[in-house]
Amino acid sequence: MGIKITVAESLVKCLETEGITKIFGYPGAAICPFYDKLMQSNIQHILVRHEINAGHAANGFARITGKPAVCVATSGPGATNLITAIATAYMDSIPMVIITGQVKTEQIGRDVFQEADITGAAEPFVKHSYLIKDAESVPEIVKKAFYIAGTGRPGPVLLDIPMDVQLEEIDFEYPESVEISSYKPKNEGNKLQIKRVADAVKEAEKPLICAGGGLFTSNAREIMVEIAEKAGIPVICTMMGISVMPYDHPLFLGMIGMHGRKTPNRAISECDLLILLGARVGDRAVMGMKNHHNLKVIHIDIDPAEIGKNLPVSIPVVGDLKAVLTQISEAVEPKRHKDWTEYLQELKSSENIIHQTPEIGVNPAAFLDELNKLLPDRCVISADVGQNQIWTANNIKLNSGRFITSGGMGAMGYSVPAAIGAKSACPEAEVIAICGDGSFQMQSMELATMIQHGIVVKIIIMANNRLGMVRELQTSLYDDRLTAVFLDGSPDFVKLADAYGIGGEYVSNISEAKTALENLINSDKPYVLQVKVDENERSVL
Amino acid sequence: MKHTISILVENNAGVLARISGLFARRGYNIHSLAVGVTDDENISRITIVAEGNDYTLEQIEKQLNKLIDVIKVRSLPADKLLSRELMLVKVNCNNAQRPELIAIAELSGAKISDVSKETMTLELSANESKIAVFEELLKPYGVKEVVRTGVVALQKGGGGL
Ligand SMILES: Cc1ncc(C[n+]2csc(CCOP(=O)(O)OP(=O)(O)O)c2C)c(N)n1
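As they're listed, the protein sequences go chains A and B. Counting from 1 along the first sequence, just add 16 to a position and that's the residue number in the working numbering. Counting from 1 along the second sequence, just add 39 to a position and that's the residue number in the working numbering.
Please keep in mind that the hints were generated in silico from the structure rather than gathered at the bench. Careful: at least some of the hints might be erroneous.
Restricting the straight-line Cα-Cα distance to at most 25 angstroms, the calculated cross-link-like pairs of lysine-lysine (BS3-like) are [as the list claims (entries may be wrong)]:
(1) A:159 with A:120
(2) B:105 with A:159
(3) B:129 with A:325
All chains, please: the whole structure from these sequences, using the hints.
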């Protein structure tokens with residue numbers, strides 16, 4: 017027999033038992049019973065300034081810890097404000113447990129004040145969800161939620177809890193483990209398939225690994241590098257896979273795709289064996305790749321539904337990457353592909369062209385190179401969406417740090433709250449958000465969160481006074497008919513930061529970059545750089 | 040091409056919405072859907088007839104399998120398909136036509152479930168093609184209303200889900 021406490025209190029106890037130390041949220045009437053009990057706990061609550069940012073912060077937190085992170089909101093508008101963040105986590109397979117308050121059970125379905133069918137609305141974007149009507153089932157459901165969110169292909173799990181249920185008393189006992197008969201994620205890969213992989217690697221003359229975000233999820237980065245080194249296989253990555261391997265590693269080539277670098281795109285069109293690891297191979301990543309004949313594709317993923325979805329696959333392997341790669345590392349034979357790797361390395365180094373200095377503002381690549389020189393070993397770069405994201409993805413050179421961005425959803429407004437989450441998860445790391453002047457204005461309210469909770473995130477705003485990515489699209493596909501991309505009316509961001517008590521400065525040309533970046537890195541408080549970028553600067557290489 | 044997909048699910052609230060939502064969201068066409076509890080009251084069996092090529096079918100099965108409440112998914116092989124659908128059909132029927140309709144019912148293995156002065160309601164449980172023929176035979180009399188349950192199916196022989 018457990019102890020008799022309310023559901024609200026048991027929720028807090030469940031979170032404590034799951035090792036949750038920080039949660040991100042925004043209260044309201046329907047979730048007040050939970051907040052009332054959270055107060056007595058050691059769990060730190062970080063009050064964001066908009067629910068979407070509670071979701072993105074949990075996302076950033078989860079990416080750094082690799083474990084499910086928690087965010088909380090109230091019913092109705094609080095819950096619906098979270099939807100974009102839930103969808104963002106879903107697309108990038110980020111483990112999260114989302115708790116929302118709901119109106120009283122007896123009122124559900126009557127369109128009462130602040131009622132929203134959030135489990136219904138979020139259904140396309142959750143790994144699973146529960147509308148909890150049975151108070152006694154709460155501990156078991158919370159246990160299941162963490163289990164489902166964090167295992168297999170991770171994802172967001174939503175718990176919607178009516179206010180009256182939160183106030184009910186139950187016999188509390190947190191289960192140590194749960195069994196879900198209809199949910200059994202696969203771990204190891206099929207032995208026969210592993211053998212086929214090893215054979216294919218042996219036969220290949222121009223093998224190539226394409227590394228995706230799944231390698232972070234299953235903590236399989238090291239074993240991947242080990243295999244690449246043992247079998248002499250060059251590595252390219254997707255946007256979600258950036259920083260999976262040290263940038264300067266001789267086998268690493270860069271990011272593929274529509275916005276990717278020349279060398280990796282060349283490599284993918286010339287290889288004879290492509291090994292996809294934990295990569296969804298999204299449509300933007302594989303552009304122009306499908307008509308490539310004579311290509312053998314090995315796809316290793318935890319989610320069978322991803323295999324063969326966007327690309328025909330010769331050898332599918334379903335399983336947890338770490339487990340499967342461990343099996344493979346034993347099966348592959350040492351090999352060198354001297355000509356192939358040397359050819360690609362040469363291509364890669366020839367890409368380090370001298371950056372032209374524009375008349376107005378900085379060359380983004382040159383600016384990021386200055387940043388590269390100053391980055392400490394432990395760092396997280398959180399890129400937003402737009403040109404700023406592409407510049408960062410293609411030019412940031414991380415050897416031990418971590419890159420995060422909203423890959424699948426491309427949700428503007430992600431970088432700062434995600435950075436807040438990342439910094440909360442790893443306070444020792446230097447955490448820098450890089451965004452555009454458009455996207456910054458979708459998240460600038462979070463400066464207050466940083467100040468209130470002492471979260472030292474640095475922000476670089478690539479200010480081109482345009483919704484640059486859309487401007488670029490209109491230039492190239494709509495005959496330069498520019499509309500709705502002008503950001504006139506934007507504030508002075510340094511002054512805005514100052515209004516929050518945050519320091520900052522302007523970078524108007526590259527000669528100012530070094531000092532400004534040093535100030536940014538050396539600051540032990542949040543810091544904002546407003547970097548001038550020409551409105552006509554391109555992101556397509 | 041039509042596929043008959045059999046799905047065993049945990050009998051949880053919202054499971055049907057999850058499954059039909061998945062079909063709608065991913066653009067898979069549902070031809071018919073039938074659901075009912077199995078011998079285990081915690082488990083329901085859903086039979087969906089869906090339209091699509093082999094790629095679509097594979098995706099449907101994989102995506103369904105990802106739903107936490109889904110226990111098992113199987114596309115039933117066409118050559119081993121034992122499928123039935125129940126149809127109730129109300130046709131115009133006067134005194135003179137009654138014997139003819141009784142004959143059609145007998146011929147088709149249908150039952151007569153209700154008779155009124157101007158109508159007759161027939162009930163047929165059969166596979167899709169037989170139901171189609173039956174409907175054709177009744178058309179000349181004037182079909183007033185039709186209701187069908189959607190296909191339920193099992194695999195012939197010893198094998199199953
Ligand atoms: C929430 C959201 N709304 C709209 C878009 C479409 N979109 C993609 S990039 C972009 C422009 C981003 O502008 P800015 O943040 O200034 O960055 P830049 O491209 O100029 O670097 C827009 C509007 C999006 N990705 N996300």
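Right, here's what the structure says about each hint:
1. A:159 with A:120: Measuring from Cα to Cα gives roughly 23 angstroms; hence the hint holds.
2. B:105 with A:159: With Cα atoms ~19 angstroms apart, residue 105 of chain B and residue 159 of chain A stay inside 25 angstroms; holds.
3. B:129 with A:325: Measuring from Cα to Cα gives roughly 46 angstroms; hence the hint is violated.
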